[in-house]
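Colleague: Chain by chain, the residues run as shown.
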Amino acid sequence: MLWNTILLALREIRRNILRSFLTVLGIVIGVAAVITMVTIGGGATVQIQQQIASMGSNLLMMSPGKRLGPGQTTGNIPFKESDADAIAREISLVAAVAPVSSQSIMAIFGNQNWTTQVSGTNNQYLKVTNRSIGAGREFSDSELRSGAAVCIIGETVRKKLFGGQGALGEKIRLQKLSCDVIGLLEGKGQSTMGMDQDDIVVIPLSTFHRRISGNQDVGLIQISVQQGTSTEKAQSDIGRLMRERRHLSASDDDNFNVMDMKEITKMLTGTTQLLTALLGAVAAVSLLVGGIGIMNIMLVSVTERTREIGVRLAIGALENDVLTQFLVEAVVLSSLGGLVGIALATAASFVAARLMQVPYIFNPGINLLSFLFSAAIGVIFGFFPARRAARLDPIDALRHE
Amino acid sequence: MKTGGTQRSDSKSDQHLIEFRGVTKVYGEGHASMQALRGIDLCIDEGEFVAIMGPSGSGKSTCMNILGCLDTPTAGTYLFRDVDVSQLTRNQRALLRRYYQGFVFQGYNLLNRTSAFENVELPLIYRGAPAHERREQALKALDTVGLKGWESHTPGELSGGQQQRVAIARAIVTEPAVLLADEPTGNLDTARSREIMELLNSLNINQGITIIMITHELDMAAYAKHIIHFLDGLVSSDEQNGRAK
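Chains as they are written, first to last, in the numbering used here: chain A, 1 to 401; chain B, 1 to 245.
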C-alpha cells in the first residue's frame, strides 16, 4: 500500500511538472544562496587566518615612544643598531632580531619609476618576517658591514620596474643611490591590513644610514621569538633590557613600546568573527525568505488541490492515504530541491572563490543545516494544509473552489 | 464486510440493500439553518434501478451525498446491508465507499492531466490491487463503457460524454454493490445522454449493479423501474415503474 501511495505521489509530481518545478526552484535558490554565502564567508575567514599565520605569531615589534594605545606612540627617541645587537646577545628567547629603518622613496629603472617602501635592515629581517629569497641571494657580511650599494626587491616592485624582463644584476636608482639587484623576494600577497607586502625594496642598514637617511637612527626593531616559548616572557625581558639601555629610572614610563602580534591577531580575529556573524545573519534572512517562498507555493498548491483531495476521498481513499501521498510529494520535491541547491551552491561557491581569490572550503554543517531547514519547511507546509483538506467531509472538499 | 465493530439491526428477515429511517439533514444553525431533508424513509433492494426526481432544492442531491457516504445525516438511521452507517467512523465510511460504492458526479470530477486509464485505475490503487490486476480490470472497465483505445487520453482531450464514461468506468471498476449517479447526464446533449442511460441500464441488467440515479428528465427516469420523487425535503411519491425500458 505504501508503494502504491508513493506511485500516486510520483504521478502527481510528473503531471504537474510546472508546479513541481516552481516548488523545487524555491528550495534550490534558498539552499544555494545560503550555502554559497557561508562557504565564501568561511573561505575569507580562513584566508585572513592564513595571512595572520604567515606574518608569524611569534613576532614582536618594538618602536620608540610612549604607548598611548594599540599601535599609537609619541615622543620618540630612536633606537640604534647596537640596541638590536644587545637584544640578540642578551635575550635568550629571541630567535632573530632585525633593526629596520624605512622611508618611502621613488625607485627608478630606465624610464620606469615606482614609489615604494625602502627598508634598511639585515639578513635577519627575512627570518623575522617569514619571507624567503625567490631568486638571487641574501646580503653578504661584507656588504652589510661596508654599506654596499645592493638591494633585494619585492615582487610588486619587480613587476612595476622590469615587467617581463630579468631584474637580477640590473641597477636601480633610489634617490642618489644606484644599487645592484642581487635578490628577489618570494611573493607574499596582499596582507590583511590592505598593505601590499611585496611592495618593498630591502637594502643593508648601513647603506640606508649612509646613503639615504644620513643618521644612525633605527625606527623599528622587529624580533622573532623562538617557537614554543612565551612571547610575554620575551616581551618583559626585552622591556627590562631596553629600560636599562635607555637609562630609565624606576619612576619613568617606558619611552619605547614592544607590541605583540597576538594583539594584532586578536584585533583581526575579532573583525573576522564579526564578519562571520554578519554573513550568518544575511544567510539566515535569505534562508527565511527562501522558506517563505517554499511555504507559499506549498500552501497555494494544496489549497488548489482540495477538490482533488475530495475526489480521492470520494472514491475510497482514507485520510491517511491522502496524507501519505502529500507527504511523499513534499519529501521528494524538498529533497530534490535541496540536493540540486547543494550542487548549485558547490559550483557557485567554487567559481566565486576563484574569482575572489579566497580558498574554497566545503562546509558540511551549513550544507546539512540548510538542506534540513528547507526540507522541513517543504514538508511542514505541504503536510498541514493537506491534512486540513483531508479532514473535511468529502462533499465539502469536492465543493471547494 | 471489512467494517468491523458495527451494529447489525436484528430480526428483519427481508434485508434491503439500503434503508433510510427518518433521515434529516440540517445545514447551518439557529435562524440561518436550512432543513434540506426533513425525515426521509426509503428502501432500495439489491439489483434495482432507481431514479430520484424532484425540483431543485428538494433535497435529492443531499440525499444522494448521504447515500454515498460523502455527507453525514443530522439525524435518522441509514442502514447499508443492515449496517448502521451513522455509527461508522470516517475511515470505516471510506472503506464502505472503497469496497461497495461507486459514485458518478454531474461534473465528472476526474483528475485533470491524468489519463483515462490512470483515472479508472485509481480506486484499485486504494484497494491495494497489484499492478497487473489493476491494468486488466481498468482496461476491462474502459472497454465496458466503450472507450477501448482511449486509455491514454486525458480529460481535456475527451468530450463531455466520454469524460462521463470514464467517470462511470472509474465507479464500476471495483465491481461495487451500488452505483450512485448524481445527474450523470446533466451536462450532456440528448444523444450522449441516451448512450449513458443505455450504458447504466446494461450495467444494471448484465452485471447486477444496483443503480441509483438523480435526474430532472422524464426521458431518463423512464429507464428506471423504481422512481422516487422529492419535494421540499420529503419523499412525495415512491412507486414502481411498470413501463421501464
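The set of hints was computed from the structure by calculation and includes no laboratory data.
Ideal Cβ positions, reconstructed from N, Cα and C, are used throughout, including at glycine.
Hints are supplied without guarantee of correctness; some may be wrong.
Stated by the list, open to error - Stretches of chain A that chain B covers, calculated by requiring three or more beta carbons in the stretch to come under 8 Å of a beta carbon on chain B:
{"id": "1", "region": "154-167"}
{"id": "2", "region": "307-313"}
{"id": "3", "region": "391-399"}
Colleague: State for each hint whether it applies.
Modeller: Here is how each hint holds up against the structure:
1. With 0 residues carrying a beta carbon less than 8 Å from a beta carbon of chain B, the region 154-167 of chain A misses the three-residue requirement, and the given coverage is violated.
2. For the region 307-313 of chain A, the assignment as covered by chain B holds, since 6 residues bring a beta-carbon within under 8 Å of that chain's beta-carbons and 3 suffice.
3. Using a Cβ-Cβ cut-off of 8 Å, 4 residues of the region 391-399 of chain A lie near chain B, which meets the minimum of three, so the contact claim holds.
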